[in-house]
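First to last, the sequence lines map onto chains W and B. Heads up, the first sequence is in this note's numbering, so the first residue is 1 and it goes up one at a time. Heads up, the second sequence is in this note's numbering, so the first residue is 291 and it goes up one at a time.
Everything labelled a hint here was simulated from the structure, so no lab data went into it. The structure presented is a predicted model; accordingly, all values stated were derived computationally and were not measured. Idealized CB from N, CA, C, for every residue including glycine. Do not rely on the hints blindly, as some may be mistaken.
[Claimed, not checked] Some residues of chain W that are not near chain B, with every Cβ distance over 12 angstroms (derived):
| # | residue |
| --- | --- |
| 1 | 124 |
| 2 | 136 |
| 3 | 137 |
| 4 | 140 |
| 5 | 250 |
| 6 | 266 |
| 7 | 272 |
| 8 | 282 |
[Stated by the list, open to error] Facing chain W, a subset of chain B residues (Cβ under 10 angstroms, in silico):
| # | residue |
| --- | --- |
| 9 | 460 |
| 10 | 480 |
| 11 | 487 |
| 12 | 566 |
| 13 | 575 |
| 14 | 608 |
[What the hints assert, rightly or not] Ranges of calculated distance between the beta carbons of each label pair, as one might list FRET restraints:
| # | chain 1 | residue 1 | chain 2 | residue 2 | range |
| --- | --- | --- | --- | --- | --- |
| 15 | W | 192 | B | 304 | 29 to 35 angstroms |
| 16 | B | 342 | W | 148 | 28 to 34 angstroms |
| 17 | W | 121 | B | 352 | 47 to 53 angstroms |
| 18 | B | 296 | W | 27 | 49 to 55 angstroms |
| 19 | B | 469 | W | 150 | 44 to 50 angstroms |
| 20 | B | 528 | W | 115 | 42 to 48 angstroms |
| 21 | W | 252 | B | 474 | 19 to 25 angstroms |
| 22 | W | 21 | B | 469 | 41 to 47 angstroms |
| 23 | W | 53 | B | 342 | 31 to 37 angstroms |
| 24 | B | 344 | W | 35 | 56 to 62 angstroms |
| 25 | B | 332 | W | 252 | 51 to 57 angstroms |
| 26 | W | 185 | B | 346 | 52 to 58 angstroms |
| 27 | B | 304 | W | 177 | 25 to 31 angstroms |
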Amino acid sequence: MALPNPNITVLPTRDVWAMATRSPAFVTGLILTSIILLLGLISLVWTPYDVSLVTIAERLKTPSHSHLFGTDHFGRDILSMIMVGARNSIAVALVAVGIGVIIGVPLGCWAAARGGLIDASLMRGNDVVFAFPALLSAVMITAIFGPGAVNAIIAIGIFNIPVFARVARAGAMAIWPRDFILAARAAGKSRMQITLEHILPNMMHLLIVQGTIQFSLGILAEAGLSYLGLGAQPPSPSWGRMLAEAQTMMSIGPHTALFPGLAIVISVLGLNLMGDGLRDVLDPKLSRSK
Amino acid sequence: MIGYFFSRLGLSALSLFLASLVVFAVMIVLPGDPTRLMMGISATEDAVQALREQMGLNLPLFERYFTWLTGFLTGNMGRSYTYSVPVSELIYGAVSISLPLALIALILSTMIAIPTGLYAASRHGKKADSLSMGVAQIGIAMPNFWFAILLVYAFVLLPFQSQAWAGQGGFWGGVATLFSPAFSFFQWLKLPAGGFPGWETGFIPAFKALILPAIALALPQAAILARVTRSALLEILGEDYIRTARAKGLPRNLVIRRHALRNAMIPVLTILGLQFSFLLSGTIIIENAFYLPGLGRMVFQAITQRDLIVVQSVVMLLVLAVIVVNLIVDLLYAVADPRLRRPA
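Please put together the full structure from these sequences, using the hints given.
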């Protein structure tokens with residue numbers, strides 16, 4: 001059903017940024033995402049406590065001055081674990097988006113440039129991948145190759161490939177019939193040159209919007225996998241596993257389930273708001289209806 | 291229309307065939323010999339070989355694929371390696387939990403989402419619109435297993451714990467007194483925090499066990515659906531025929547109900563179809579969170595136990611379900627929008 005979208009606009013990146021920063025949704029999203037990014041970055045050099053420091057005497061302490069978010073059932077500092085977990089979530093989701101872009105975008109551009117049999121078979125392959133519930137396949141992949149952060153990245157990344165292929169194909173198909181492409185062809189440029197010089201720069205914003213969406217889905221997927229015990233392995237902290245452990249402690253330490261969940265919501269919400277803000281700016285049809 | 295029907299049917303069959311090849315291939319490359327796992331490390335080479343022959347694992351790949359596929363299509367899916375019972379029996383038991391769960395979640399999410407989207411669109415640009423869409427954004431960002439944990443806390447643990455606080459003063463005593471009617475209602479409801487008593491214990495206890503999981507599954511779906519309903523409606527409300535209907539003097543709410551909602555159903559239907567696959571994914575996590583022995587938990591356990599024959603059949607069944615639902619959605623569009631009947 002991926003009909004080419006006739007409303008794709010051609011905008012320079014600088015203008016997009018100027019317009020986006022005027023959208024409240026985009027700015028709110030940017031702030032939320034920055035908080036999580038900053039937490040992850042700071043954790044590279046400093047955390048309030050060592051995340052592997054087990055102090056049984058301090059177990060299940062509620063939030064206080066010495067432990068802002070309290071401690072878990074091993075007496076580990078929850079804030080420190082969330083900071084290191086942020087790094088893990090961001091890394092997994094970011095690399096997974098990278099896999100999708102690096103493989104999916106060239107495939108989509110290729111399908112749009114050649115058409116015919118190549119296009120049809122690539123799109124059929126896409127449909128087959130879409131028929132597998134994504135999380136189910138991710139569970140299979142991590143179970144086959146063993147649980148861990150690297151395999152979680154691969155499992156999530158594979159499902160980003162058809163998504164980016166579809167977006168790139170739809171974007172490219174909408175640009176190919178334009179007059180300036182015809183001019184480039186008349187000037188004797190090859191399809192490859194046209195794709196690199198004209199098609200890609202003109203659909204960059206589509207890819208950026210999709211990138212933020214897939215980034216947020218990647219964070220949710222990573223959390224789900226590590227909740228099932230298939231993501232980053234102990235002692236390396238991850239938000240999903242913190243919640244899985246908190247679930248068994250709910251009757252004595254409900255605070256342990258609060259902060260990791262909030263961290264997931266803030267990062268996903270931030271990215272989605274950024275994506276929405278960008279889309280409002282870039283899709284004139286939607287902003288007209290406002 | 292008939293041509294469209296058959297071309298869509300053919301494409302779905304092709305996808306299904308390709309998917310079956312993928313599922314089969316994955317099972318072949320999966321490390322770990324199932325016969326070794328079944329017999330333990332002390333089994334002799336001869337015994338392992340005999341079991342391999344008995345299970346047909348020594349046959350050529352093509353023959354194994356063909357036997358598996360025909361078995362799958364006729365409902366004869368072999369016996370589980372771990373439980374030694376027919377796979378079809380396991381699947382039947384699991385579907386009797388997962389299907390009602392998915393249906394309740396689907397009904398719940400539609401019941402929440404469409405009125406919310408309609409309300410937000412009719413109050414477009416006002417506070418109520420921003421508020422409901424803000425809540426929807428949070429619903430989308432919330433991982434369903436975290437929501438599940440919070441639901442169990444609010445409906446099961448907190449009402450129980452609050453009894454101890456009720457007499458005391460202070461913050462928690464205040465909370466206990468303030469919410470005491472709700473807490474006693476939840477205590478009276480006695481929703482289980484997890485597990486499934488089985489349908490044979492009666493409809494009410496079994497249904498109760500599915501309520502919290504279904505709410506946890508429905509929330510993110512409802513949030514997405516509400517947003518789609520709202521934006522589809524807004525797009526249609528800008529069309530000329532809506533202005534004509536308004537110019538004729540029809541009240542705004544009547545225009546929305548009679549003209550806009552019906553046309554907005556096409557994108558809503560698309561998302562409902564797409565969400566089916568997400569719903570199946572969701573059951574893997576939610577059934578684990580609530581210890582429900584449904585399809586999602588079964589396939590998760592089968593994967594970790596290397597019960598390949600179960601994994602193969604369940605994955606294929608889920609893929610079949612996704613493809614069939616998408617086919618139905620595609621055909622429904624053609625009914626709703628005659629322009630789509632022409633071959634692309």
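### Task
Against the structure, test the hints numbered earlier, and report the numbers of the ones violated in rising order.
1, 2, 3, 4, 5, 6, 7, 9, 10, 11, 17, 20, 23 and 25
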